[in-house]
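A.B. asks: Listed here are the chains, written in short residue letters.
4 protein chains.
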Amino acid sequence: MTPHAFKSFTRAYGLNEIALVPSHHTLDPELVDISSTIAGLKLDIPIFASAMDSVVSPKTAGIIGKHGAVGVLNLEGVQTRYENPDEVLEKISSVSREHYVELMQDIYQKNPVKDELVKERIRAIKSQGVKTVVSSTPQSAQRLGKLAVEAGADAFMIQSTVVSTQFKSKTPEKNLNLSQFCKDMPIPVMVGNSTTYDVTLDLMKTGVKAVFIGIGPGAACTTRGVLGIGLPMATAISYAAAARQTHFEMTGEYVSIIADGGIVNSGDICKSLACGADAVMIGSPFAKASEAPGRGFHWGMATPNAVLPRGARIEVGTIGTLQEILVGPSKTDDGSQNLSGAILTAFATLGAANMSEMHQMEVVIAPSLLTEGKIYQKAQRLGMYK
Amino acid sequence: MTPHAFKSFTRAYGLNEIALVPSHHTLDPELVDISSTIAGLKLDIPIFASAMDSVVSPKTAGIIGKHGAVGVLNLEGVQTRYENPDEVLEKISSVSREHYVELMQDIYQKNPVKDELVKERIRAIKSQGVKTVVSSTPQSAQRLGKLAVEAGADAFMIQSTVVSTQFKSKTPEKNLNLSQFCKDMPIPVMVGNSTTYDVTLDLMKTGVKAVFIGIGPGAACTTRGVLGIGLPMATAISYAAAARQTHFEMTGEYVSIIADGGIVNSGDICKSLACGADAVMIGSPFAKASEAPGRGFHWGMATPNAVLPRGARIEVGTIGTLQEILVGPSKTDDGSQNLSGAILTAFATLGAANMSEMHQMEVVIAPSLLTEGKIYQKAQRLGMYK
Amino acid sequence: MTPHAFKSFTRAYGLNEIALVPSHHTLDPELVDISSTIAGLKLDIPIFASAMDSVVSPKTAGIIGKHGAVGVLNLEGVQTRYENPDEVLEKISSVSREHYVELMQDIYQKNPVKDELVKERIRAIKSQGVKTVVSSTPQSAQRLGKLAVEAGADAFMIQSTVVSTQFKSKTPEKNLNLSQFCKDMPIPVMVGNSTTYDVTLDLMKTGVKAVFIGIGPGAACTTRGVLGIGLPMATAISYAAAARQTHFEMTGEYVSIIADGGIVNSGDICKSLACGADAVMIGSPFAKASEAPGRGFHWGMATPNAVLPRGARIEVGTIGTLQEILVGPSKTDDGSQNLSGAILTAFATLGAANMSEMHQMEVVIAPSLLTEGKIYQKAQRLGMYK
Amino acid sequence: MTPHAFKSFTRAYGLNEIALVPSHHTLDPELVDISSTIAGLKLDIPIFASAMDSVVSPKTAGIIGKHGAVGVLNLEGVQTRYENPDEVLEKISSVSREHYVELMQDIYQKNPVKDELVKERIRAIKSQGVKTVVSSTPQSAQRLGKLAVEAGADAFMIQSTVVSTQFKSKTPEKNLNLSQFCKDMPIPVMVGNSTTYDVTLDLMKTGVKAVFIGIGPGAACTTRGVLGIGLPMATAISYAAAARQTHFEMTGEYVSIIADGGIVNSGDICKSLACGADAVMIGSPFAKASEAPGRGFHWGMATPNAVLPRGARIEVGTIGTLQEILVGPSKTDDGSQNLSGAILTAFATLGAANMSEMHQMEVVIAPSLLTEGKIYQKAQRLGMYK
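Residue numbers (this note's numbering), protein chains in the order written: chain A, 1 to 386; chain B, 387 to 772; chain C, 773 to 1158; chain D, 1159 to 1544.
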């Protein structure tokens, strides 16, 4: 008897498994345009700062916005639960490792989100003259979406670990009807996170203006370890880019995709864009800024989960100002500073004049930086061949 | 002359090489059923605790059972050789590394298994009102199977490193006739371990109700290093699942498969189920419980082998109670606690309403967690790119 | 609807992922000729020393040249900016890590390249009776090319991270017309770096006599981390070799290719040649010489970039004289000394009588030295299986 | 124009990349025969001890032989150069790292091989009543072969890093005519090392009775690092096995193949046999014996090379007696002791009754032990996911 077919496993690739190959021409940086228009907002630098308490406060949203990127404020974090969030942030960054999860559960469960604070924080960003984007979970989207519009937000993001248009429940009314929500909202709606072609295409059909791509790979996210769920980013972005193209061919509408998770330096940003992303969302690179609310620490927003915490607090240290990180000049050579300069240089070097050309660049699977080149040499210096 | 064909090597995959991809819908956890019926026993949590002295005692079998999983008692370990096993366990966990193998050979060879203790230990589990499952080697199955039935066990497991239905010997009478044994036993018989399609299908034909899958990958098992034998789990489970399907199509009978070995956290459990397992058997995650008989240590049952010891004693430490490990709440974010909560969340996130739907989830081959994401970042923090 | 095609990723290989397989015969070393004629210059040892300040000074160019290899002098480094470069080199090798980038930007921006010093340094090499090769960026090629010819250089190299024949700019006049430049120059022109078939072929059509291959993998280069750009060397060389062959079939002219970057020991040199390179350019192996201007340190030439530094300073230590490194005798067994002896032995062992036969050797993809053999054993010694 | 074809790279596999899969039956160890007849000599244990000074002396050859394996004496090492080799061995194992290569070059160049000592050492082995096998380089084969026959050796081995039947030289008379040599020698001739199908087949046609397979992977060998040459063992053995089969089909003669290099524990031995080897040759596992001449150290025989040393001295420590290593009982669980017991258990577990059946076992490519299972868990314990 012929054996029943075995389950098949497709290979998926992470960002540190790929490299970009120059095209047949190079460009004068003057001819390069790295801007990206996402959900009607033109970003001079195609970067969103993650809606995480260690990354975006009204203050950092202002600085990031002034440099041409966008900081997304989490409307369900400490900023909207506490009059004085700095006091709370101080506690989080100084608590010992063993009391960390407990403290986090405490902080996020004891104090509810307050309508007045929501509006106050949004206005604090808006008043700095920058693009104002805020995020909410699907559960709170109706309430917070309304407040966001009232306070003048420019775009609204709905985010959960894994999102779909088809949430099945005994009480379906508690599920957000995304199509209706998009129709009702006078400002653009963005949604995430998705990883697959099917879900991304479904989400695009609801009327959202951008879809965030990526599950599992984030620096402060332990979803893959705890749940086994994840899709390496290079492959995930390429799936989403195919969905964007299908949707465009069907409807004529270009819905942006934003790579979100596991992007740790400027090289990763460039790779994400070459895989097809219109922009990236990054957390840990900004958590290293001297102005970051995390004070040298970075943590995931799934941590406070009462029964199944899934985010780690990691010490990222402080490497420079937000300005140095975003537009330089860089004092280091590891891709952690002057992110926009690196993107511009990569576009020019590869011969991509704009985001659309960047999406066409050749991508190869390459041995991880961890095993090739420098590491190999380091191993040799350490005498690992003896 | 054409070269003679070279031996061909098929690629097989381990659990830490794969990741699970969300389907096109998500589920309210209320709609998810993670239970699994194995050998007629309904497990609310699809987890068996390994029949290892460092993991299951009558006491831990009771606690594990009350939370909806099943602890399998090894009928040939210290519990049935010693009136006072705690004294012996204390010795094992405190002996120095260099005297460890010697002590183990001593403990298991000097004191035979005693019929009265076998029955006493089984009754001690039974009296706690939980499902009572016990295990034996093939050599002792006739004798211990009889005692297990008399003492009221609910199911009987036969386990050796590698099992087959066709054991060839000069003295074939010393081999267990598995078909006859299954007919004779009034309680369900489970057997292991197998890794291949052929052997799994053969075993299913004997009348066993469940087959344990996995050779080599266990934390306290050195079979692959010593014998070169093993099959990475993701592939092994997918082979066994195909055998289960073939057997089902031929006979209408659904024989369960249980992934056993190398499963170290909740993510691995979820991956095993998505590859096709009906349940998992885990040792080291329970050896970390404060109630574990191993007292912070974990060791393999092949260690006492007089001439070819193949199990290591590893220090696993203590991370929480069995309750915290099984049903939470979790105080950590590494997938070591609230295993059932993680399984439930994974089902809901992936859109699997029950075990059968979980078996259909998409699996991708992904760069190891050791090389992607967090590790990558850690390497960067450690300056490994300098 | 059929999904839009996903972006495809080709696998590319690094030097530490391959190994060379002996042919069906071996050779007496007497019958082996490892010399290579590049741009009209016959190299007895097919090695160029990188045009980096830590590697080539007029003095080391002399020593290297006398042993049959060629040291390329960077005409835009400290040697042509400072009367007394040793003072500056001393500072670079003794500055602390945190002030390093700043110092470098200072050194290279404050003091311009001086025509007189350019000629003086070239003559200092020339006067030692060795082949004199110098390098320049494309921006300075017109000016420095003229000076090089006047001072008697034998060949002129134009080098930037990524070079192409089609540089697009609003001010195209600032771009170097490579074809015209080659026609105008009375000495052979070499150019780099390239990685792809198309660009290499384009460059060969301009009249250059050699193309340097390799982007990203160098020991003191962080291009891949910062920009995401790179192509592993084994694949890059094989692409370039195909372009050389195409060009040869079209024109009858054999334009050499030189593997440049990420070559750390004699094994890597042999692999590069077997992949198709006519010679290699190496930096870090020479930076370890007692005569090296880097004084035990090695750094990339993109470091001084004012806004986006991309080179690291690494401490390589000092292992022996240039003579020991180039022609032995070797006091070590790690492939860092007697590079020419290793090349000769590899040719003889593989059965390659000359460079052209070496290009035909069989190459296999092999598990990295980091994971096989010695490392595996080391891991075992360290008890990593316990 | 179509690009010229790129050089193609075939994937080759190392022993630590594979695992063995049980067949559909298991065997009582009583029914298993692990013996192997090589060059007319029946080995009860299919293991040769490497012809290395740190491994085989007349004394250890005697002990190894009495247990059913064979120790091969190097006729060009310290044993035949010095009346009192123990004095010299003492020096080698106690010299400091920096003076090691120098000392080795001294020891092997100052004192020539002496005819009388050659015969004396051979007789010292012979007198212990064990199989007496000795080795020589091709250069000395005529002279030493004659002496070996006179002194009563049972088989003669010719070994160099890479051997071929077609050695090309200006002075071809200095090359050994292997066919003639085999005809002239009254005892069986064995030769090595080879890695490819073609060379192995060519060698078999000369009349040798066994071919040693393996270049590069040995613990004390740095050929791959220094020369870039090597072929991972699992693939190399499978190539050689195909040559053996082709030769057998052409001539009816079965010429044995022996896997030599990079075999570090009993698991590797079992894998080598399953890939097709008739026996293995191992060095480092025996260098760990308390009786080993290396006194806790192990070194390659290419080290004394005057201009290009290629062997490292590694400290392997001492783990037990030769008896414990060969036939047990084992005090450890890492595959370093009771090698014959492990082979027997593997045969029985896999269902292989003899060497010929062992050659048919299924082999899978599996994630390295370094990345799966225990290591994965170790990484978790070390908090590498934090």
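Just so you know, not all the hints are guaranteed correct.
As the list claims (entries may be wrong) - Covered stretches of chain B, going by a simulated chain A footprint (3 or more residues, C-beta under 8 Å):
id: 1; region: 445–453
id: 2; region: 639–645
To be verified - As a list, the in silico DSS-like pairs of lysine-lysine whose alpha-carbon atoms are at most 27 Å apart:
id: 3; chain 1: B; residue 1: 717; chain 2: A; residue 2: 91
id: 4; chain 1: D; residue 1: 1489; chain 2: B; residue 2: 477
id: 5; chain 1: A; residue 1: 170; chain 2: A; residue 2: 119
id: 6; chain 1: A; residue 1: 183; chain 2: A; residue 2: 168
id: 7; chain 1: B; residue 1: 393; chain 2: D; residue 2: 1363
id: 8; chain 1: B; residue 1: 556; chain 2: B; residue 2: 591
id: 9; chain 1: D; residue 1: 1217; chain 2: D; residue 2: 1446
id: 10; chain 1: A; residue 1: 42; chain 2: C; residue 2: 918
id: 11; chain 1: C; residue 1: 898; chain 2: A; residue 2: 7
id: 12; chain 1: C; residue 1: 814; chain 2: C; residue 2: 942
id: 13; chain 1: C; residue 1: 779; chain 2: A; residue 2: 205
id: 14; chain 1: A; residue 1: 7; chain 2: B; residue 2: 477
id: 15; chain 1: B; residue 1: 393; chain 2: D; residue 2: 1200
id: 16; chain 1: A; residue 1: 42; chain 2: C; residue 2: 779
id: 17; chain 1: A; residue 1: 7; chain 2: B; residue 2: 393
id: 18; chain 1: D; residue 1: 1326; chain 2: D; residue 2: 1489
id: 19; chain 1: D; residue 1: 1268; chain 2: D; residue 2: 1332
id: 20; chain 1: B; residue 1: 556; chain 2: D; residue 2: 1200
id: 21; chain 1: C; residue 1: 898; chain 2: C; residue 2: 918
id: 22; chain 1: C; residue 1: 863; chain 2: A; residue 2: 331
id: 23; chain 1: A; residue 1: 205; chain 2: A; residue 2: 59
id: 24; chain 1: D; residue 1: 1326; chain 2: D; residue 2: 1341
id: 25; chain 1: B; residue 1: 452; chain 2: B; residue 2: 512
id: 26; chain 1: C; residue 1: 1103; chain 2: D; residue 2: 1268
id: 27; chain 1: B; residue 1: 556; chain 2: A; residue 2: 7
id: 28; chain 1: D; residue 1: 1165; chain 2: B; residue 2: 393
Bear in mind the hints are in silico, worked out from the structure with no lab data behind them. Cβ atoms here follow ideal geometry from the backbone N, Cα and C, with glycine treated the same way.
A.B. asks: Is it true that the CA of residue 556(B) sits at most 27 Å from the CA of residue 7(A)?
C.D. replies: 39 Å, violated
A.B. asks: Does the alpha-carbon distance linking residue 7(A) and residue 477(B) stay inside the 27 Å limit?
C.D. replies: The given pair, whose Cα atoms are some 45 Å apart, is violated under the 27 Å limit.
A.B. asks: Take the C-alpha atoms of residue 779(C) and residue 205(A), compute the straight-line distance between them, and say whether it is at most 27 Å.
C.D. replies: 22 Å, holds
A.B. asks: Hint check: residue 1268(D) vs residue 1332(D), CA-CA at most 27 Å. Holds or violated?
C.D. replies: With Cα atoms ~23 Å apart, residue 1268(D) and residue 1332(D) stay inside 27 Å; holds.
A.B. asks: Is the straight-line distance between the alpha-carbon of residue 393(B) and that of residue 1363(D) 27 Å or less?
C.D. replies: 22 Å, holds
A.B. asks: Is residue 1489(D) within 27 Å of residue 477(B), Cα to Cα?
C.D. replies: 18 Å, holds
A.B. asks: Can the restraint linking residue 814(C) and residue 942(C) be considered satisfied, given a maximum Cα separation of 27 Å?
C.D. replies: Judged against 27 Å, a Cα distance of about 41 Å means the pair is violated.
A.B. asks: Compare the distance between the alpha carbons of residue 205(A) and residue 59(A) with 27 Å, and conclude whether the hinted pair is satisfied.
C.D. replies: 35 Å, violated
A.B. asks: Does the structure keep residue 7(A) and residue 393(B) at a Cα separation of 27 Å or less?
C.D. replies: 24 Å, holds
A.B. asks: Under the criterion that the straight-line Cα-Cα distance not exceed 27 Å, is the pair residue 1326(D), residue 1341(D) satisfied?
C.D. replies: 22 Å, holds
A.B. asks: Would the hint linking residue 863(C) and residue 331(A) be met if the CA-CA limit is 27 Å?
C.D. replies: Given pair residue 863(C), residue 331(A) holds - Cα atoms ~18 Å apart, limit 27 Å.
A.B. asks: For the pair supplied as a hint, residue 898(C) and residue 918(C), is the alpha-carbon distance within the 27 Å limit?
C.D. replies: OK: residue 898(C) and residue 918(C) at ~16 Å, within 27 Å.
Of the numbered hints listed earlier, those contradicted by the structure are 1, 2, 5, 10, 11, 12, 14, 18, 23, 27.
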